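Engineer: Next come the chains, spelled out residue by residue.
Number of protein chains: 6
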Amino acid sequence: MFYHIKELQYKAKPDRPDPVYAKKLQEVLGGQFGEISVALQYFFQGWNVRGDGKYKDLLMDTGAEELAHVEMLATMIARLLDGAPVGDQEIAAKDPVIGAILGGMNPQHAIVSGLGAMPADSVGNRWTASYIIASGNLLADFRANLTAESQGRLQAVRLYESTTDRGVKDMLSWLIARDTMHQNQWYAAIKELEAKENIVVPSTFPKELEKREVSYVLFNYSRGNESAAGRWAQGKSMDGLGEFQYVENPQPFAKKPVLRPAPAYIHDTPPQVLGAMVPPHTK
Amino acid sequence: MFYHIKELQYKAKPDRPDPVYAKKLQEVLGGQFGEISVALQYFFQGWNVRGDGKYKDLLMDTGAEELAHVEMLATMIARLLDGAPVGDQEIAAKDPVIGAILGGMNPQHAIVSGLGAMPADSVGNRWTASYIIASGNLLADFRANLTAESQGRLQAVRLYESTTDRGVKDMLSWLIARDTMHQNQWYAAIKELEAKENIVVPSTFPKELEKREVSYVLFNYSRGNESAAGRWAQGKSMDGLGEFQYVENPQPFAKKPVLRPAPAYIHDTPPQVLGAMVPPHTK
Amino acid sequence: MFYHIKELQYKAKPDRPDPVYAKKLQEVLGGQFGEISVALQYFFQGWNVRGDGKYKDLLMDTGAEELAHVEMLATMIARLLDGAPVGDQEIAAKDPVIGAILGGMNPQHAIVSGLGAMPADSVGNRWTASYIIASGNLLADFRANLTAESQGRLQAVRLYESTTDRGVKDMLSWLIARDTMHQNQWYAAIKELEAKENIVVPSTFPKELEKREVSYVLFNYSRGNESAAGRWAQGKSMDGLGEFQYVENPQPFAKKPVLRPAPAYIHDTPPQVLGAMVPPHTK
Amino acid sequence: MFYHIKELQYKAKPDRPDPVYAKKLQEVLGGQFGEISVALQYFFQGWNVRGDGKYKDLLMDTGAEELAHVEMLATMIARLLDGAPVGDQEIAAKDPVIGAILGGMNPQHAIVSGLGAMPADSVGNRWTASYIIASGNLLADFRANLTAESQGRLQAVRLYESTTDRGVKDMLSWLIARDTMHQNQWYAAIKELEAKENIVVPSTFPKELEKREVSYVLFNYSRGNESAAGRWAQGKSMDGLGEFQYVENPQPFAKKPVLRPAPAYIHDTPPQVLGAMVPPHTK
Amino acid sequence: MFYHIKELQYKAKPDRPDPVYAKKLQEVLGGQFGEISVALQYFFQGWNVRGDGKYKDLLMDTGAEELAHVEMLATMIARLLDGAPVGDQEIAAKDPVIGAILGGMNPQHAIVSGLGAMPADSVGNRWTASYIIASGNLLADFRANLTAESQGRLQAVRLYESTTDRGVKDMLSWLIARDTMHQNQWYAAIKELEAKENIVVPSTFPKELEKREVSYVLFNYSRGNESAAGRWAQGKSMDGLGEFQYVENPQPFAKKPVLRPAPAYIHDTPPQVLGAMVPPHTK
Amino acid sequence: MFYHIKELQYKAKPDRPDPVYAKKLQEVLGGQFGEISVALQYFFQGWNVRGDGKYKDLLMDTGAEELAHVEMLATMIARLLDGAPVGDQEIAAKDPVIGAILGGMNPQHAIVSGLGAMPADSVGNRWTASYIIASGNLLADFRANLTAESQGRLQAVRLYESTTDRGVKDMLSWLIARDTMHQNQWYAAIKELEAKENIVVPSTFPKELEKREVSYVLFNYSRGNESAAGRWAQGKSMDGLGEFQYVENPQPFAKKPVLRPAPAYIHDTPPQVLGAMVPPHTK
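Residue numbers (numbering that gives the first Met the number 0), protein chains in the order written: chain W, 0 to 282; chain L, 0 to 282; chain P, 0 to 282; chain B, 0 to 282; chain S, 0 to 282; chain G, 0 to 282.
None of these hints come from the bench; they were simulated from the model. In this text the structure is predicted, and so the values were computed from the model without any measurement. Be aware that a few hints might be false.
Note: identical chains are not told apart, hence a pair may lie in one copy or across any two.
Capping the alpha-carbon separation at 25 Å, the derived lysine-lysine pairs in PhoX-like fashion look like this [stated by the list, open to error]:
hint, residue 1, residue 2
1, 195, 206
2, 12, 210
3, 235, 195
4, 10, 206
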């Protein structure tokens, strides 16, 4: 169950409106690695934990915080849109500042949301749950979380670099710090699980059921062998259970497949028209 | 540039057709963590590397292999669909086996693809590039790759558990082994980059620009303090640059925001109707 | 800012697992009118309110409750999936109950989420923010809310009708009652706004700027005049500002449009090929 | 069955081309509340009416009109794109008017549609049937229709405010007037159904099957009690069947849920690793 | 402008309900090549024709017919859903026929649409305008139309093969015949345009601006030369302007690209960490 | 199986960076008819061919080439983004060139991809497999391929017209030439199949099962008879099996449908409320 309080986790007040920046800032609200993504990802992972304890609690703690970040960003975006102009582009073009604003802002901020934030990214794609991950396997999922916090902090930093507004920078410096913590915390949780389970997910699948002869082999399918210079091409494997090998000229392990014709009621191209098994051309 | 050879990387031949399993197997072809996702993710990361060398090469090697896996799965799915029945569900229901097949198979495998694989997941969602990640920051991206291989191997293992067909199991044991390698290789690459850059992405943002007072703090927004028992709540931070702290009753750092009214030309609810600042109810 | 507490708003415990019903129940979690939709819709409307007061508070109250409903449904779905079988459809088909479960459950519940709820609807479409509405105009938005609660309660009732599980019915009877309240509350809020603004949204657009001669006319574009029997075809208009009229044989108010050719650099079909203005065939 | 006539319902001719405005106008053609949405929503509702009579007829009348509006908007957009420039942005930037046009227009209007309208919104999202609603319950659906006409008119008004082109304004003043009618007509139809069915949808679900003790309760999940000041918190409920109550400090009605472990073949995090039931930290 | 008449173009009455078939039939209503796709594709092409005459008229004629087909299919689907059971899968499984129906029908047909058709395909993906094509170049677009009618007729035939209901077959035999006509008509229109413009689209781009040395070359990027046996590998090109050539071992025409580092404010992996230009491994 | 080589098929080097053009060029990389679409379309068609021989080989040849085109475009876009500015729009607006760049570039090129290409179109829609076609019927599919190459070449030509950069034009002149070849090759393959199968897809459905009386009839549903002037309205049908007819005033072949009420457990509007069969209004 959830309680909302009306105070913000941290300040979300720009020095002045900037509708073009409002459009860009949508990325970290409603983009692939925006705050909606992490909030819902952590909640779904938490709800799906089969058992109880510190991991579930950590997920719910962090999910609730990310929802507070959605709120801060929504507030900031509404303020960046304060009094945004609408109007005739051609007339506006005579004043380059107004022209740049009108040309660069997201038209839906005026037409659709009435100067409010939208659940969308910086080019207007609506947020989709296709972005999020919750598998029931926490090591797999915490890796997704570390990824999300890495991509998210990277985007926040890029946004920090592209404004001179001190209010916006102040809020971003908060979000960036929180991403530092969240990267640290998922890192800690991952180390703990890896210590118990080793590094390959899932840890519970019997090793003898996989084709172990290719479990530590790098196949060089991209001509040139720069990749042979990496740690992944030699020495003990990272899980400590094998030895890395490098295969410079990988060959196929199977033959050319030929599929049987479809039944007539499927109405694929009929075999006689398909002209299967045409002898190869000799030139 | 790419060359295709007609042989498969590994065998993709089931013991017998199984159209219901064909539907399930689509998940690792065209789902969020299917082979299309990793193939295109690695290619886009590789094409975007600004520079040259072993990381770019490794990305292209692995992307090319994943495309070969798409091919193996497409071949396997077509064979699982060999001679799939179409027909009248009610009549079929009299033969429970036929009924189960007709009820459980993906109707698009008959109607749309003519007994071929589709670029879609196990419930029919078409593959979307919203699944993939390529940021230009390799540590962030390799974490995404380790995530993808973890989720992908988990799904392949679950699919392995849900069939008794030896041909399918044989192919999956190959794919599972390759996922073991790919988890190991991205793990190795990540360790190498972390050794150079420390663990927080991006490493190049000056620490003094973030709100360092909250860079290592766990806020307990989910009542109950099980999460305090974790490594993330105490001791040196994982990046070695701070000390974890746990805040049991986190309070807001900012005030309740009130937004200014919109200009009249936006036609939001007018301020006088909105009745802002109504004194709170006393009960 | 948000706090989570670990207790549920109401019980979410089925009598027994039922993976097929779990799939159906996803509709009211992650479908067009599922609880994710209303939670995020109310939050975005609340965050975008420009001013303060009871409407904003009501939106945040209700949004927080809907998020608690997502949590209840996620919990219920996980329990309905307890110990769900995976396995070979053809073998399963010999036991009609197992066969029906395997054929009817969502394969992603096993392969993707590991027996957890997903942010998706009953056929597997992932939730999308294209479902939600927040315009900055509260009368327009409260109508969207009343719609959402009407559609949502209808779906919950249909789901209630399709199970005999007392635990599930118990939870649904809670959700249905809450939808009763939410329909009542938005209805009350709408009446209040309509009393201040009259019924046409937005109320702030000057009447003289619209083509008032067609503001209260029903054009009968579907031959046959059953629609003339309605209140909307005669008498005072509902906003009290006009008189309904019925036009049985509506004629166009404008001429046939002919578009000018595109510039050559667009490479549309060239005008001379298009053969524009060919004289009509006489037969 | 449908007949098309080549005349437009109303004029769709701008004073002069304006490719940037063409992009914005797409919102009411192919956006969430654009004319495609209402046309197809009314048609699907009409086709799904089980019975016959005035409601079905009204739906088909209005659907046919909305399709005529799609046609008017498509015509207007093509004309706004007449002779739209393509070209080099950097060169164009020297002429601020050309620069503003090139920077602000939708590049797909040149590259993809060849200066024609697209089935997309003002930021280029393609229209999706996820926008539309047809449930078989007309009261629920007419509320959706009133919502659509409210949001649609609001957007049309905002677009009216952002141009000085008299031809565009003339067409919009027509569409705005028609939205006035359509709000009035759905309002009338809703009143009629509410008079027969009372206000809660669906009206046919027995009241005694819902948890009536919470059917008229407002839970204050957002701290601070401004929402208690509303009509929805006191007095007779709007359906006349209960009394509104306000609960200032709502408590959970259920316990903290703990899920049972998944079967081994699912390969979730194993229970022993999950470390469930860790005793809470005391600080 | 459009008029609707209430009679159907052709009968849409099944012998008996069949909810599982209703799900399948959705494919040709709301799938990639369903009737919504062709109706809106032809309308958008028609509205975008810059000029007037027989092509535009043909597009509007056919679009209006396709909309009548949507209506027929929506009617048929509603009737196939007549009295569809809802209920408990496990209980139903005891009656194999009911079990098969419940397991195989689309749950949204009961929960969402109330036994009505949906704007979705046979697996529940909502229709999207990403399916349709209107470029302003009629030869390009008529090819899209011939494609759509080919794919659509193929799907209708596959659906015809999978039912024994005479009413359904009767309606499908109508739709299949109309697809025969539509393939014939677009074929005729294409021939006419090709006679005027030759076969390569767009015909208006000066030949000397393309790299003519590769305009008629087949590069054999898939090892093995079966493709050399085709007409496309030898003889006069189909446009009559060149000679087909076959290149058995195609080599790259450009060098390996190396991208310049990103500016610091982008925070990609820094060049020194990237370790560009690492000398290749020698083995 | 696939091998990658690091050289490009052809040069992809612009004269100078141009971030706004980079955004536009995304259309032919990740749009509906971009290179991802054709690469994956040809691969899926190839993998689904049931048999072997020249058609399958041709598909794989061309698919592999299209993937090389994705690579060229990704490289070109990264170079067009070299050193792209980020920054404050309002400040930038003082320098019209910088302002135009910032206003016109895709913000995700800076924030999300770190100056790399994205799997998206020119307005930022992520690529989706909803674009592609593989039916198992090669005549149907080759028509889709000819369509894709027609639309794709048209878009490349439009992009060629909108830049003055010689490097970009050089690369586009290569891609345009390859599209010339690909249109020619699919045209040749289509002619070959049509010679064997006649022109109507699928060729294998018995003619006597379709309603032959309407297989060659043009119904004039769009008033005015310009369409009667076409080849499709008179003379021998294109498949040689019938005679085209033109019906100027087409009438319905079926009666007005009335659907039976839904069962009570569906909770549609009850029949008594629906007021079916209301006698029509007489005016």
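Engineer: Work down the list of hints and note, for each, if the structure agrees.
Structural biologist: Each hint, compared with the structure:
| no. | hint | verdict |
| --- | --- | --- |
| 1 | 195 / 206 | within (16 Å within a copy, 32 Å between copies) |
| 2 | 12 / 210 | between (57 Å within a copy, 16 Å between copies) |
| 3 | 235 / 195 | both (20 Å within a copy, 21 Å between copies) |
| 4 | 10 / 206 | between (52 Å within a copy, 20 Å between copies) |
The structure is consistent with each of the numbered hints, conforming to all of them.
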